[in-house]
Amino acid sequence: MYYKKWEKVSQSDNENNDHTNDEAQTDTPPENEEPSLEAVTKIFDQCADLDHKTYSETEIDVIYFSSLIDDQKLENEILKPISELQHSEIENWINRKDISEATTLKEIKDEVLSGSVAIFYNDKAYYYNVYGPEIRGIDKSETETVIVGAHDAFVEDITTNLSLIRRRVKSDKLKAIKLKVGEITKTDVYLLYIDGVADSEMVKELKKRIEIIEVDSVYDTNMLAQLIDEAPDSLFPQYYNTELPDVVRSKLVSGKMVMLLDTSPIAISAPASFFEFIQSPDDYNQRWLIGTSIRLLRAIAIFITLTFTAVYVAVITFHYEVLPEDLLITLAESRARVPFPPLIEALLMEITIELLREAGARLPTKIGQTIGIVGGIVIGQAAVEAGLTSNVLIIAVASSAIASFVLPNYNMSNSIRIVRFLLIILAGYLGVFGIILGIGLVSIHIVSLTSLKTPYLIPVTPFYWRDWVDTFIRGPYWAMKRRPTQTKTSNTELNKMKQ
Amino acid sequence: MNEKLHYTQIAVIVYMIQSGVILFALPRIVAEAFGTNGWLGLFPLSAVALANIVFIILVYKKGNGQSVFTILEQSFPKWLCYPIYLFMIVSFSLLAVLVAKNYIILIQNAMFPEVSANSFLILFLITALFFLSKGIYNMGKITLLFFFMTIWTIFLLFLLFPEFSFTRLTPFIFKGQIDPFEKGFEAYTAFLGFELVLFLFPYVQNDGKFGKAVIAGHLFTTFIYVSVCFVAMGFYSFEQVKGILYPMQNLLKFMETPLIERIENIVFVIFFIKIIVTVTFYYWGALQATKRIFIKTKEKWLMLIIVGSTFFSSLFFEIKREVDELLNVIAILQTIFSFSFPLLLLLLLWLQKAKAKRGNKIA
Numbered sequence: 001m002y003y004k005k006w007e008k009v010s011q012s013d014n015e016n017n018d019h020t021n022d023e024a025q026t027d028t029p030p031e032n033e034e035p036s037l038e039a040v041t042k043i044f045d046q047c048a049d050l051d052h053k054t055y056s057e058t059e060i061d062v063i064y065f066s067s068l069i070d071d072q073k074l075e076n077e078i079l080k081p082i083s084e085l086q087h088s089e090i091e092n093w094i095n096r097k098d099i100s101e102a103t104t105l106k107e108i109k110d111e112v113l114s115g116s117v118a119i120f121y122n123d124k125a126y127y128y129n130v131y132g133p134e135i136r137g138i139d140k141s142e143t144e145t146v147i148v149g150a151h152d153a154f155v156e157d158i159t160t161n162l163s164l165i166r167r168r169v170k171s172d173k174l175k176a177i178k179l180k181v182g183e184i185t186k187t188d189v190y191l192l193y194i195d196g197v198a199d200s201e202m203v204k205e206l207k208k209r210i211e212i213i214e215v216d217s218v219y220d221t222n223m224l225a226q227l228i229d230e231a232p233d234s235l236f237p238q239y240y241n242t243e244l245p246d247v248v249r250s251k252l253v254s255g256k257m258v259m260l261l262d263t264s265p266i267a268i269s270a271p272a273s274f275f276e277f278i279q280s281p282d283d284y285n286q287r288w289l290i291g292t293s294i295r296l297l298r299a300i301a302i303f304i305t306l307t308f309t310a311v312y313v314a315v316i317t318f319h320y321e322v323l324p325e326d327l328l329i330t331l332a333e334s335r336a337r338v339p340f341p342p343l344i345e346a347l348l349m350e351i352t353i354e355l356l357r358e359a360g361a362r363l364p365t366k367i368g369q370t371i372g373i374v375g376g377i378v379i380g381q382a383a384v385e386a387g388l389t390s391n392v393l394i395i396a397v398a399s400s401a402i403a404s405f406v407l408p409n410y411n412m413s414n415s416i417r418i419v420r421f422l423l424i425i426l427a428g429y430l431g432v433f434g435i436i437l438g439i440g441l442v443s444i445h446i447v448s449l450t451s452l453k454t455p456y457l458i459p460v461t462p463f464y465w466r467d468w469v470d471t472f473i474r475g476p477y478w479a480m481k482r483r484p485t486q487t488k489t490s491n492t493e494l495n496k497m498k499q
Numbered sequence: 001m002n003e004k005l006h007y008t009q010i011a012v013i014v015y016m017i018q019s020g021v022i023l024f025a026l027p028r029i030v031a032e033a034f035g036t037n038g039w040l041g042l043f044p045l046s047a048v049a050l051a052n053i054v055f056i057i058l059v060y061k062k063g064n065g066q067s068v069f070t071i072l073e074q075s076f077p078k079w080l081c082y083p084i085y086l087f088m089i090v091s092f093s094l095l096a097v098l099v100a101k102n103y104i105i106l107i108q109n110a111m112f113p114e115v116s117a118n119s120f121l122i123l124f125l126i127t128a129l130f131f132l133s134k135g136i137y138n139m140g141k142i143t144l145l146f147f148f149m150t151i152w153t154i155f156l157l158f159l160l161f162p163e164f165s166f167t168r169l170t171p172f173i174f175k176g177q178i179d180p181f182e183k184g185f186e187a188y189t190a191f192l193g194f195e196l197v198l199f200l201f202p203y204v205q206n207d208g209k210f211g212k213a214v215i216a217g218h219l220f221t222t223f224i225y226v227s228v229c230f231v232a233m234g235f236y237s238f239e240q241v242k243g244i245l246y247p248m249q250n251l252l253k254f255m256e257t258p259l260i261e262r263i264e265n266i267v268f269v270i271f272f273i274k275i276i277v278t279v280t281f282y283y284w285g286a287l288q289a290t291k292r293i294f295i296k297t298k299e300k301w302l303m304l305i306i307v308g309s310t311f312f313s314s315l316f317f318e319i320k321r322e323v324d325e326l327l328n329v330i331a332i333l334q335t336i337f338s339f340s341f342p343l344l345l346l347l348l349l350w351l352q353k354a355k356a357k358r359g360n361k362i363a
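Chains as they are written, first to last, in the numbering used here: chain A, 1 to 499; chain B, 1 to 363.
None of these hints come from the bench; they were simulated from the model.
Glycine is no exception: its CB is placed at the ideal position from the N, C-alpha and C atoms.
Any given hint might turn out to be false.
Simulated restraints on C-beta separations [to be verified]:
1. A:Asn32 with B:Thr70: 54 to 64 Å
2. A:Pro232 with B:Glu299: 50 to 60 Å
3. B:Phe294 with A:Ala361: 46 to 56 Å
4. B:Thr257 with A:Arg136: 46 to 56 Å
5. B:Glu114 with A:Val148: 48 to 58 Å
6. A:Ala361 with B:Phe316: 39 to 49 Å
7. B:Lys209 with A:Lys175: 17 to 27 Å
8. A:Glu333 with B:Phe43: 52 to 62 Å
9. B:Thr257 with A:Ile373: 29 to 39 Å
10. A:Leu235 with B:Ile173: 50 to 60 Å
11. A:Ile351 with B:Lys298: 37 to 47 Å
Turn these sequences into a full structure, and let the hints guide you.
Shown next, in the form of structure tokens:
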């Protein structure tokens, strides 16, 4: 357990290592020192994008990172007034504008790094936030598409993402704890939850796990998820990730916690259950019978992805007898010219499909289409005509590839695809016995997984029949009366939180 | 967090440990044991097992859910407990490996006649070891998932309904050549496995439903056995069913759908998931006893040693007949154990209570 390791490390650090840090940093001024212009310029020595303006008439110094601020805002709110003001009016202006005063050097340093402008006047340091770097506009999600429902997706800017969520949850109960991760990068993380719905113990636990992370930088929420999960070596994602604010809203009201990381367009929610990964916002926007059918289709898709090619290999290699006579003849004809054993044949095709998929994902959309044509028609057709594979295998491989794309979650779909390879290899050596053995091993593993100390396969095992109304089926809204057991919320009943 | 086994898990665990590969042979065994309409004979057998279960539940109630090892060690000195533990370790772990081997030999004969059974056994035991390493609470959860993964096979019986005929059941009850003791005992072994709940006491939720759950699990097993035997006896004639080694397997051969037929091997393989539960729980029982002897050794090593050593001892029995013979001996020992051990515990509990009372009086 990764986070446990840090837990130990951070404990021992606290015990014996509190004062050694200061000695090591003799070059830079101690951080609790009074903020002064010299100290700040010394800290930001050799930062070419730091702007330093001096107004000799009024004896004001202004320092900011030009790359982090909104030029317009800076000009209108700070620079223009300063250049127009008289010496005597400055104090008044600062008070009126509610510009905060920094008490320590660390404070002013952090503020400048977060996009504030530092103002030095009369041996005092003030700061005013003019953060406003260029950001991408809100757009549709490329990886999670919704047919009927809200299309806006998160962007890389955490404030925009927060606003997307606040717009949807207009409640004073929506709390956001701000944390920082990354020893060097100091990236902002917001831990969101709804007070009174989310379990406070879980919030504490999650907060603790994020606080003890010790890495130079966290690049994305998906990385954050790997740093705080319980089984870092598992194949399966233990936190649900999404780009859609709509999904985040539904997670929050169901009593889960959501984490946002600055510079990442993905939110993760916890605790997560395996069955969340077959759900899509579309299910809730359709009428319940339709939503249920689509969800069942996805469950079948998982099954097809996992076993279809493996069953083909097992049947062709070991169990001809299970096929009815007519089907057997068709199969035998299609395989008559193939020189490889079924396992090799299947692996060849599966790897080709994976290559095509990866190439399609990395290439720009327009060239990506060409890859589809090259792969689908040229390789598929040619491989059969050249006698390298059988038609039936192409059908099996293609169906399981298509089925794997039915899963709404990209991370889970990747995990399932890897398991498929394991099953194919086992099927090649041990037939159906291998497939069942593989499924058994994977089941044992997946059942023992936990997400924030809650069972991953809830509500199937441990069994909570009440939660089934929103697992394989998307029950009618009148039947969905309770929040998921997994959230451990004391506020179990839905729709009872009027304010 | 105080994790405990839920009563539904207990019921499922009991069912999953009990039912095993014997299901395939059970219609023949009951026919040989009780004659015509032998499926009715399962009821008295189930009642005997139920009586045994009641003893176990009594131990749970009288002992207030304390571990059987604690009860034992409170009355006996350690050196007296060790032979009992040793017996448990040997019989449980041997039973586990033999059940596995028995199944593996069947699979190997049916599907891979040219491959050595032992290589399959290694794979089987690795899975069991992995299963065992997850701890009892996860084992409970895994068992529940495995239950869902296998229970659908019972619905295959519906496919046989068109062929079912009441006339084949005959109006006679328990007629023909019968052997209610030897064969009847063989049928009784199908119910064995419930005795392992003795070791679950410290891990169950204390909500008073433990006893009901064990009984529910046992009754579910009885229901499955009876319905399978009933259908099989209405499908085959009496003489026919006696002549087939695995009547259920033959039944499956008969089923046909447009896409798939002759699913007997596939269903047989799916039983892997059931057998692994039985095997793992027997190993777990052995592990609990071992932990009492080697208190300081890490559990991981104990598991490896138990599974490893039983694997090597299973190498002495390569033919199905040998495995069957030994299994039979162990089943007898196991039956004696499952009756006498709860009785012994009840006696000890009674003595402890009497002693405590006397102590109170003197004080």
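Against the structure, the hints:
Checking the proposed 54 to 64 Å range against asparagine 32 of chain A and threonine 70 of chain B shows it holds: the Cβ atoms sit about 58 Å from each other. One distance hint, 50 to 60 Å for the beta-carbon pair proline 232 of chain A and glutamate 299 of chain B, is violated here, with the actual separation near 23 Å. Judged by the Cβ atoms, the range 46 to 56 Å given for phenylalanine 294 of chain B and alanine 361 of chain A holds: they are separated by roughly 53 Å. For threonine 257 of chain B and arginine 136 of chain A, the hinted distance range of 46 to 56 Å is satisfied, since their beta carbons lie about 53 Å from each other.
For the pair glutamate 114 of chain B and valine 148 of chain A, the beta carbons lie near 56 Å from each other, so the given range of 48 to 58 Å is met. Range check, alanine 361 of chain A to phenylalanine 316 of chain B: Cβ separation about 55 Å, and the 39 to 49 Å hint is violated. In this structure, lysine 209 of chain B and lysine 175 of chain A break the distance hint of 17 to 27 Å, their C-beta atoms being roughly 39 Å apart. Between glutamate 333 of chain A and phenylalanine 43 of chain B the C-beta distance comes to about 54 Å, which sits within the given range of 52 to 62 Å.
Distance hint check: the CB atoms of threonine 257 of chain B and isoleucine 373 of chain A are about 37 Å apart, consistent with the given range 29 to 39 Å. Taking the beta carbon of each, leucine 235 of chain A and isoleucine 173 of chain B are about 56 Å apart, inside 50 to 60 Å as hinted. A beta carbon spacing of about 41 Å between isoleucine 351 of chain A and lysine 298 of chain B agrees with the range 37 to 47 Å that was offered as a hint.
In summary, the structure is inconsistent with hints 2, 6, 7 from the numbered list given earlier, while agreeing with the others.
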